[in-house]
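Visitor: Protein sequences appear in the order of chains A and B.
Going by this note's numbering, the residue at position 79 of the first sequence is 79; the numbering climbs one at a time, nothing skipped.
Going by this note's numbering, the residue at position 291 of the second sequence is 291; the numbering climbs one at a time, nothing skipped.
Source of the hints: derived by calculation from the structure; they are not laboratory data.
Just so it is clear, CB atoms sit at the ideal spot from N, CA and C, and this is done for glycine as well.
Hints may be right or wrong, so weigh each one.
To be verified - Here are the simulated lysine-lysine pairs, DSBU-like style, with alpha carbons at most 35 Å apart:
| id | chain 1 | residue 1 | chain 2 | residue 2 |
| --- | --- | --- | --- | --- |
| 1 | A | Lys30 | A | Lys170 |
| 2 | B | Lys293 | A | Lys59 |
| 3 | A | Lys83 | A | Lys231 |
| 4 | B | Lys146 | A | Lys59 |
| 5 | A | Lys128 | B | Lys414 |
To be verified - On the chain A side, residues computed to face chain B include the following (Cβ under 10 Å):
| id | residue |
| --- | --- |
| 6 | Glu78 |
| 7 | Phe86 |
| 8 | Met87 |
| 9 | Tyr91 |
| 10 | Ile95 |
| 11 | Met104 |
| 12 | Phe108 |
| 13 | Asn109 |
| 14 | Ala146 |
| 15 | Asn148 |
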Amino acid sequence: MSSDLLLDIKNVCASVEEKQVLKGLSLQIKPGEVHAIMGPNGAGKSSLSNVLAGRDAFKVTDGEIAYCGEDLLELSPEERAHKGIFMAFQYPVEIPGVNNLYFMRSAFNAKREANGEEPMEAYPFMMKVQQLCGELEMNPDFLKRALNDGFSGGEKKRNEMLQMMLLEPKLAILDETDSGLDIDALRVISNAVNSLRNTERSFLVVTHYQRLLDYIKPDFVHVLANGKIVKSGDASLALELEEKGYAWINEEV
Amino acid sequence: MQVASFSPNWQALLDQPLISDALASWQKAARAELPELRFPSRRDEAWRYVPHRRVPKLKPYAEPSQVKPRYDHPSLEWDVYRLQCIDGVLISSDVIKGVRITPLSKCDEEQSRFVAHELSEKDAWIRLNQACLTHGFLIEVDAGIKVEKPLVIIDHTTSQVAKQCLNARYVIKLGEDASFDVIMHQSSDSDVLVNTVSVIDLGQRARFSSLRIQQMHSEALCFHQQEVIQGDCSEAHLGQFLLGASVSRDAVHVVLQGTEARVELSGTAFPRTGQFANIYSHLTHGVPHTSAKQQYRSIVHDKAQSVFYGRVHVLPNAQKTASYQHNANLLLGQRAQANSKPELEIYADDVICSHGSTTGQLADDQLFYLRSRGIPENQASALLVDGFAGVTTDPWKDSPAYDFLSDAIALRGKEE
Numbered sequence: 001m002s003s004d005l006l007l008d009i010k011n012v013c014a015s016v017e018e019k020q021v022l023k024g025l026s027l028q029i030k031p032g033e034v035h036a037i038m039g040p041n042g043a044g045k046s047s048l049s050n051v052l053a054g055r056d057a058f059k060v061t062d063g064e065i066a067y068c069g070e071d072l073l074e075l076s077p078e079e080r081a082h083k084g085i086f087m088a089f090q091y092p093v094e095i096p097g098v099n100n101l102y103f104m105r106s107a108f109n110a111k112r113e114a115n116g117e118e119p120m121e122a123y124p125f126m127m128k129v130q131q132l133c134g135e136l137e138m139n140p141d142f143l144k145r146a147l148n149d150g151f152s153g154g155e156k157k158r159n160e161m162l163q164m165m166l167l168e169p170k171l172a173i174l175d176e177t178d179s180g181l182d183i184d185a186l187r188v189i190s191n192a193v194n195s196l197r198n199t200e201r202s203f204l205v206v207t208h209y210q211r212l213l214d215y216i217k218p219d220f221v222h223v224l225a226n227g228k229i230v231k232s233g234d235a236s237l238a239l240e241l242e243e244k245g246y247a248w249i250n251e252e253v
Numbered sequence: 001m002q003v004a005s006f007s008p009n010w011q012a013l014l015d016q017p018l019i020s021d022a023l024a025s026w027q028k029a030a031r032a033e034l035p036e037l038r039f040p041s042r043r044d045e046a047w048r049y050v051p052h053r054r055v056p057k058l059k060p061y062a063e064p065s066q067v068k069p070r071y072d073h074p075s076l077e078w079d080v081y082r083l084q085c086i087d088g089v090l091i092s093s094d095v096i097k098g099v100r101i102t103p104l105s106k107c108d109e110e111q112s113r114f115v116a117h118e119l120s121e122k123d124a125w126i127r128l129n130q131a132c133l134t135h136g137f138l139i140e141v142d143a144g145i146k147v148e149k150p151l152v153i154i155d156h157t158t159s160q161v162a163k164q165c166l167n168a169r170y171v172i173k174l175g176e177d178a179s180f181d182v183i184m185h186q187s188s189d190s191d192v193l194v195n196t197v198s199v200i201d202l203g204q205r206a207r208f209s210s211l212r213i214q215q216m217h218s219e220a221l222c223f224h225q226q227e228v229i230q231g232d233c234s235e236a237h238l239g240q241f242l243l244g245a246s247v248s249r250d251a252v253h254v255v256l257q258g259t260e261a262r263v264e265l266s267g268t269a270f271p272r273t274g275q276f277a278n279i280y281s282h283l284t285h286g287v288p289h290t291s292a293k294q295q296y297r298s299i300v301h302d303k304a305q306s307v308f309y310g311r312v313h314v315l316p317n318a319q320k321t322a323s324y325q326h327n328a329n330l331l332l333g334q335r336a337q338a339n340s341k342p343e344l345e346i347y348a349d350d351v352i353c354s355h356g357s358t359t360g361q362l363a364d365d366q367l368f369y370l371r372s373r374g375i376p377e378n379q380a381s382a383l384l385v386d387g388f389a390g391v392t393t394d395p396w397k398d399s400p401a402y403d404f405l406s407d408a409i410a411l412r413g414k415e416e
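One chain only, chain A, in its complex shape:
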């Protein structure tokens, strides 16, 4: 394995409830790269995100995943988060009764503590979050509410981006973050992602549509079909897919 890889997925097979969802998927991501994963419904796009984030129900049956040279599959979801993996959920979970701000500070400080840093006090933390809310054109009142409880689709996705900006991941996985967003929200969310782009941080953008990639320019585009990557290319591949749909991929492979 070359040491300059952030993520090295080798021939991974995974199943959920006995159903095989990834069937020998390989993908390499270097620091600073933006990779887009496209593909038809049921191709395994969300399965890939969930395997990387460590959801229990997704069992890896074969293959290896190295993250920063370490065996990712040995790490619990919280350890993955501490080491810089962040997944923006396709459907952020509503948690009534858990205060949004309190949750964010718990997450933020859990990561700091795991990395040997002092936890941040409530007041400076709130100032930091409020500033990020401004960047996301998000009403800070959402911080006072229960986590995602009763948030609209767009508000939930903004809240995901807020967490991403707070946690400053090394690898951010956006699992169909664009689904159900209007054009304004799409712009705001893309701006958030673009503002975080640098030579160290990588993104895995999982999406159905080319539209998001007009805002977030990927370095690489991969087509995922039937549990593996069947075609890879540069940004122009996304345009081709938009024009022709996914049917031709199946014919070609």
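Chain A is fixed; fit chain B onto it per the hints.
Guide: The following block gives chain B in isolation, referenced to the frame of chain A:
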């Protein structure tokens, strides 16, 4: 079970000094009746699951010769009035303008007639309370008086009265347009049985709230029965949080007998391993245009048991009643048990009544969401447990006891 079976020297129990001359005949009547009474058991629906076999052999109450006040009570940091009662002995009571706080032993004839209120629920525990009263107060709030700060009632027992049976009675009367808030904190350091009766009488347009936090010793037994009588346009908020005791039953009976009377009830029963906690609520909608909202939860550790029994009774003339009840239970172990029994008895036809009950475990997708953000699993579970109880603590956000209550619940979630 009769009184003789849980107290070997029950005669000594009945020979305790009477609390006052003014209440003597009332107490004697109960003493005469008690030996023949059967204590509630599995045969009584309202007490069905209460493990009476765990009621130990009890000693009668003996007033300690020396009682130390609590200087460490959390309420010392709150902006409140305080009434402190340790081991059944009154330690201190703040003076509140327009409010008379009278120990039951000092009530005059007229006050005593009010204290001797006959509850609509009649069982042997209530009779025992009447017969063997150890302490309690009559609190009268004059008409039109709006008390700005809550009164914290600290009812604490120490190991000085271990294994004894204490019977407390709190009678609170609000005049018309009065407003009054009470925070009742009941705690103990040892295995006592505290059998409390509360009677609340609300005049027209009176507003009252009572937040009851029970944090008894893990071997203690705690029974509480409360009757709330509401006049026209009165408003009550009642909270019941059962965060201690080996066996705990907290019952409330609200009698909405004035039109436009409103009541909101919320509470959480949180028994630890091997413990039993029972919330019993009984609402009587007696006249037209009354409303009630109930939100109860239980969080049950492994091998613990909770019971929610919620009875809504709408009398034939009580048209336009609106009564909503919800109970949700969270099981934290394979052998945790939650029993939920909503019971609607409606004799009027133009009413809106609803009830719902759910029981489940911590949701995997919620746990994963929190963990994926770096929150360790045990902390994530604790957050979800707090969040689950949050629905019942939210109505108390403005109370000075809110942080204390939230912390107590959070701590209980981490105890196991």
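Visitor: For a quick check of understanding: which of the numbered hints are violated here, in increasing order?
Guide: Hint check: 2 and 4 fail, others pass.
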